[in-house]
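Input sequences plus hints: build the corresponding full structure.
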Amino acid sequence: MRIGVCIKQVPGGSARMDGETGLLIRGSAQGVLNPYDYFALEAALQAAASLAGPEGPGEVTALTMGPPQAEGALREALALGAGKALLLCDSGFAGADAAITARTLAQGWEKLGVPELIFCGQQTTDGDTAQVPFALAARLGIPAVGWVKAIEYFRAEGFSVLQELSGGTVRVRGGYPALFAIGREAVQPRAASLPRRLEARRAPVTRWTLADLPDPAPHRYGLAASPTRVKRIYAPLGEAKTPPLRVDPGEAAALILGALPGREGQPVPPPSGGGGPG
Amino acid sequence: MTGKTETDLKPCPPGYCLDESRLSGQAEFIAFPENPEEAAGVIRRAAEEGFPLTIQGARTGITGGAVPRGGLVLSTERMNRPLEFFRDSQGAPVLRVQPGMSFEALGNHLSRGLPVPERGLYFPPNPTESTATLGGGFGCNAQGPNSLRWGGLGAHLQDLTWITPAGEIWTLPRGRYRFDETGCPLPGGSRLSCDSLLPAGGSRFLHPRPGLDLLDFLAGSEGLAGFAGELSLTLRGLPAAAWGVVYFFEEDSGALNFAESLGQWRGETSGGEALTTLEYYDHSSLDLVRSGASRTAALRSLPPLDSPWKAAIQVELEGEDSPLLEDMLTGHLELFRAAGGREEDTWAAGSLQELEKFRLLRHGVPELINTELDRLRRELPELRKTAGDFEIPPPLARTYRETYRRDMEEEGLRGFVFGHLGEGRLHVNLLPRNGEEIRRSRTLLDRWAALTVGDGGLIAAENGIGRLKGGLLRRYGSPERWNQIESFLRVLDPGNRLGGVEILNPPENGEGRT
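For the record, the sequence lines run as chains B and Z. No gaps in the numbering here: position 222 of the first sequence is 222 in our numbering, and each next residue is one more. No gaps in the numbering here: position 255 of the second sequence is 1255 in our numbering, and each next residue is one more.
FYI, nobody ran anything at the bench for these hints, they're computed from the structure. Check each hint, because a few of them may be wrong.
[Unchecked claim] Straight-line alpha carbon distances no greater than 27 Å define the calculated DSSO-like cross-link-like pairs of lysine-lysine that follow:
#	chain 1	residue 1	chain 2	residue 2
1	B	K84	Z	K1357
2	B	K149	Z	K1357
3	Z	K1310	Z	K1357
4	B	K111	B	K84
See below:
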């Protein structure tokens, strides 16, 4: 079974945004693999191990779209266990929003051969939209399961995962092909072994440009094709609904004890004599 | 004192009467000076009133050095600002800071607070406890895992503002005051006379030698001879390449064989590529992390530890020549295989950001031991941190590791051995479960202390002496050195405000027992 992972390189520290365009200035921070993608990769590698045939686990292919330096994220994926890495790299892809990123990735998978299982991180730490996995699934015409919080099994006949939704957890079972957006609770990412990490530094990374894609029409990619724009990025406005109480320790203890279920109205014990021996 | 009045001595809240040693004391007053002048004023005030004085940073110390014994606490909590960034005459970047600044705040300032062209600098000493203060780090001359390459914190200071127990403020530029064979000149024209050729006798605490800078002599003086009022930190550029690797073993002997064989990689290449860290974890330490990782939020980002590994060696390398570092690692891998290791039993990180994850392992072990200690103390209030931070000549590390294991087994005690194997500085922590085990633990630590000094090692090579280990130095260090330390403290703290002699030589059944 073919297994794919979509990954992304994101700024590692504090990156800056262009005030005019709303686009990330990529050179402003060192790039790292999107933290959520470690979970996607781990889920993909575990699925490959679970679905292993007599020849061993199937190969996991990592795909990303980005500038040349995004190769670093692919090498991280190779170090962790991906067998093949593909970078979609063309200035014509720059500035793509979630919808057009998904379109570009879908083109990459279509040229490569759409895997039966595709894993994505639930979201990225730069765009933070959590939309690309679902837009990609829609483009590829395959079902998607998002907010995966636990994996029960991947077997030849199908999968079972737990999905976190507002107000509850849903067990989702299904067959292939399918796409999964993996959350941080689902798996515990492995570390790369030393030999793999050393090998990944020298491993080949395939690079395709716009001209290599099945649909090479430039106007369907990048900023120009994107239906959405980032207008402004700002910190959430905090609003304290409950002002802090300023009370002495004895009153604080009484308030806390009084709020405990079943303790309402009961006397508060006197404070203890203080710390241990001096 | 400038700008402060006696009302600035506030009643001391209980939270300032304890530290991570789990010892607690008491103090009547506390002061929060904001600069050296105010601090000196507080000290003079303590002298006038006859208050015993205790200097505090973030109270992260594990030997009770910040635990007060009555009187007044001087907290450096509000002396926590970066002061000035500049380049010295050689072009080296220097940041002047106040002593209450934490390592974490320093890191944040270096990555975000410096002018943009200067970002990407760092301060090499890394004692793993990021909430500790730089002043506290100087007080114990903190030596974290990367001290294999970078030594103690004091070595990274360009100059120091020192506040004496008499309330004087000394400026100590590196190189101005140095020991010769008979002592060292002091600011103001006086002199500290001594025999600078006396061997360490079990401790680096106030240990002179000819050529030693006064600044380095005061590093590690634990707030018993004064304290840092301002520090000028020599910064460095981030290395172009950094690697962190954890090698796991199914046999303890494999880990020790591997560590010994890594000895050939010590030292720097001509380009500065070097092994900076060589840490060891025994099976108990790994088990502790295994069982504690799911309960401790900070450890959840560690990779799985579910294999039956019995020991681990953690290394870090850094330098400018990435291919050369990779060649070094390929060499390490061959030695790992030769020591019985399997390639898949390694964790490797190829950047500073990634290797931070592995540093959680090193930080997690002592944290989890303390958590376990707190749990045991609920049933056994007299339990104290029962740990040794001995430094032995590195070739003897293997023998000592074996001694610790055998002795703990014979005494039926639960314990953990981990730490800086590359420098012969292993931490051994015991977790006694009842009064009888406390007694046996103390006996073992005494035995190991005597053994260490006999082999030319150091009793409290890291984390300080504090109130927990004071007695060890007096009992097992050389008498000549003890006399010398006593005479230094009498000169440096003539009014005995900081109580160094009593803290280092407590009554036989006092807190100075480990």
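Here is what the structure says about each hint:
In summary, the hint linking B/K84 to Z/K1357 is supported, as the alpha carbons are separated by about 25 Å, within the 27 Å threshold. At roughly 22 Å between alpha-carbon atoms, B/K149 and Z/K1357 fall within 27 Å of each other, so this suggested pair holds. Straight-line distance between C-alpha atoms of Z/K1310 and Z/K1357 comes to about 20 Å, which keeps the hinted pair within the 27 Å bound. The suggested pairing of B/K111 with B/K84 holds, with an alpha-carbon distance near 15 Å, which does not exceed 27 Å.
Consistency note: the structure conflicts with none of the earlier hints.
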